[in-house]
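Protein chains: 2
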Amino acid sequence: MTAGVKALVFDVFGTVVDWRSGVAREAAPFLAKHGIAVDPAAFADAWRRRYQPAMEAVRSGARPFTRLDVLHSENLEAVLRDHGLDPATVAEAELDHLNRAWHRLDPWPDSVAGLTRLKTRYIIAPLSNGNVALLLNMAKRAGLPWDAILGAEVAQAYKPSPAAYLNTAAILGLRPEEVMLCAAHNGDLAAARSTGFLTGFIPRPMEHGAGQTKDLAPAQDWDVVAPDFGALADAMGCGGG
Amino acid sequence: MTAGVKALVFDVFGTVVDWRSGVAREAAPFLAKHGIAVDPAAFADAWRRRYQPAMEAVRSGARPFTRLDVLHSENLEAVLRDHGLDPATVAEAELDHLNRAWHRLDPWPDSVAGLTRLKTRYIIAPLSNGNVALLLNMAKRAGLPWDAILGAEVAQAYKPSPAAYLNTAAILGLRPEEVMLCAAHNGDLAAARSTGFLTGFIPRPMEHGAGQTKDLAPAQDWDVVAPDFGALADAMGCGGG
Numbered sequence: 010m011t012a013g014v015k016a017l018v019f020d021v022f023g024t025v026v027d028w029r030s031g032v033a034r035e036a037a038p039f040l041a042k043h044g045i046a047v048d049p050a051a052f053a054d055a056w057r058r059r060y061q062p063a064m065e066a067v068r069s070g071a072r073p074f075t076r077l078d079v080l081h082s083e084n085l086e087a088v089l090r091d092h093g094l095d096p097a098t099v100a101e102a103e104l105d106h107l108n109r110a111w112h113r114l115d116p117w118p119d120s121v122a123g124l125t126r127l128k129t130r131y132i133i134a135p136l137s138n139g140n141v142a143l144l145l146n147m148a149k150r151a152g153l154p155w156d157a158i159l160g161a162e163v164a165q166a167y168k169p170s171p172a173a174y175l176n177t178a179a180i181l182g183l184r185p186e187e188v189m190l191c192a193a194h195n196g197d198l199a200a201a202r203s204t205g206f207l208t209g210f211i212p213r214p215m216e217h218g219a220g221q222t223k224d225l226a227p228a229q230d231w232d233v234v235a236p237d238f239g240a241l242a243d244a245m246g247c248g249g250g
Numbered sequence: 010m011t012a013g014v015k016a017l018v019f020d021v022f023g024t025v026v027d028w029r030s031g032v033a034r035e036a037a038p039f040l041a042k043h044g045i046a047v048d049p050a051a052f053a054d055a056w057r058r059r060y061q062p063a064m065e066a067v068r069s070g071a072r073p074f075t076r077l078d079v080l081h082s083e084n085l086e087a088v089l090r091d092h093g094l095d096p097a098t099v100a101e102a103e104l105d106h107l108n109r110a111w112h113r114l115d116p117w118p119d120s121v122a123g124l125t126r127l128k129t130r131y132i133i134a135p136l137s138n139g140n141v142a143l144l145l146n147m148a149k150r151a152g153l154p155w156d157a158i159l160g161a162e163v164a165q166a167y168k169p170s171p172a173a174y175l176n177t178a179a180i181l182g183l184r185p186e187e188v189m190l191c192a193a194h195n196g197d198l199a200a201a202r203s204t205g206f207l208t209g210f211i212p213r214p215m216e217h218g219a220g221q222t223k224d225l226a227p228a229q230d231w232d233v234v235a236p237d238f239g240a241l242a243d244a245m246g247c248g249g250g
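Line by line, the protein sequences give chains A and B.
Our numbering runs 9 ahead of the 1-based position in the first sequence.
Our numbering runs 9 ahead of the 1-based position in the second sequence.
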């Protein structure tokens, strides 16, 4: 029952782009240069493990809204310390370049083609916890054809807070049931559904690498389940497939 | 000296699109149906005259930030009353459709081609007092190839308040001198320059119709002055001209 959908909004990290490989690729030369003997993918995982706790400080109200580039930077400094490197000894420009690894992530192979088809019939936009500059720089580099850059910074709320979804629908001038969240994460979809959004599940079984155990299958009867963005475009009635 | 510019942000009403002809075209059948004997272009002018005072209530702090669709709707009701029609007698859907005339404005003939060239080298986005849904629906209909939809609603401040410009640069992750405002209005450019933005003037001598007297020439030595968006793309070093 997706006939009333006017906008498709997307989780980005993991759903549209492969953050783990991208961060590992960007971190590898930095780690080698500074003599940190860690698998770059494990370093990416360690950096990412600090993501939810950092946002939780905002969601709980303990901290005013702070954009993700800043949280990523604080988390990077912490994870470097965990690996025995004092970030104060590293040039600020070098740290900033590494922090912006999240701006330089590659899409999954089907993302750009699928989004391009979906754009012919729907408004398409990220609904990501990434900030506008991050998502915009990523889109310019990767060719992601968004109609607008939405998400936590524009909504001033981090997913899965209900305000992240409800404010996004209001900004689009749409009712929640006219908006569908597309994501590889059951938890994100559950939060979106609870606010009235429709839901599309696109599993990304390699998001966390070969040993991934979670989000391999739908946890609820999502409105659409598709193995990739091409199949999502098919399911949403878009030509060009 | 535009060598350091990374993003071009645009005034929209008057600079990118022809609001007066578009609103007049959309209002004409409504006015005829309701027996209001007024030139549709004069009706557009009357509606638009309430634009700055409505935003001033927000800029002065007398009213919390309110998106432009809402201000337009209030202004429409007032201007209908001025023309002897009680808006309470009109179906809400009909009023809403007319209010969304501002979502259905046509670009000037050079806008889409010029923006398409500029996009190859720069981030391009609206920095408009229009709200996100308005600018997004306009872009989908008209083919405006924005990289992101920015402006008053995202910055939570109406131009020419300094925060409208400074918050936009911060959201882009850029310093003010890395952003150039392109506009047909000397006042907008003066406010942008005072915050450190670079400035591009593109006069639109028909914005207010054949009798236009203001903004026909640059009031300061703006960084770029170009007769249309094609010449702007030339001046900014973009190919494809």
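Warning: the hint list may mix true and false statements.
Note that the list lumps identical chains together, so a pair holds whenever it fits in one copy or between two copies.
Stated by the list, open to error - No farther apart than 30 Å at their CA atoms in a straight line, the calculated lysine-lysine pairs in the BS3-like style are these:
id, residue 1, residue 2
1, LYS128, LYS42
2, LYS42, LYS223
3, LYS149, LYS15
4, LYS149, LYS42
Since the hints were derived computationally from the structure, they do not count as laboratory data.
The model shown is predicted, which means the values in this text are computed figures rather than measured ones.
**Report entry** Structure-inconsistent hints, enumerated in ascending order
**Finding:** Hints 1, 2 contradicted; others consistent.
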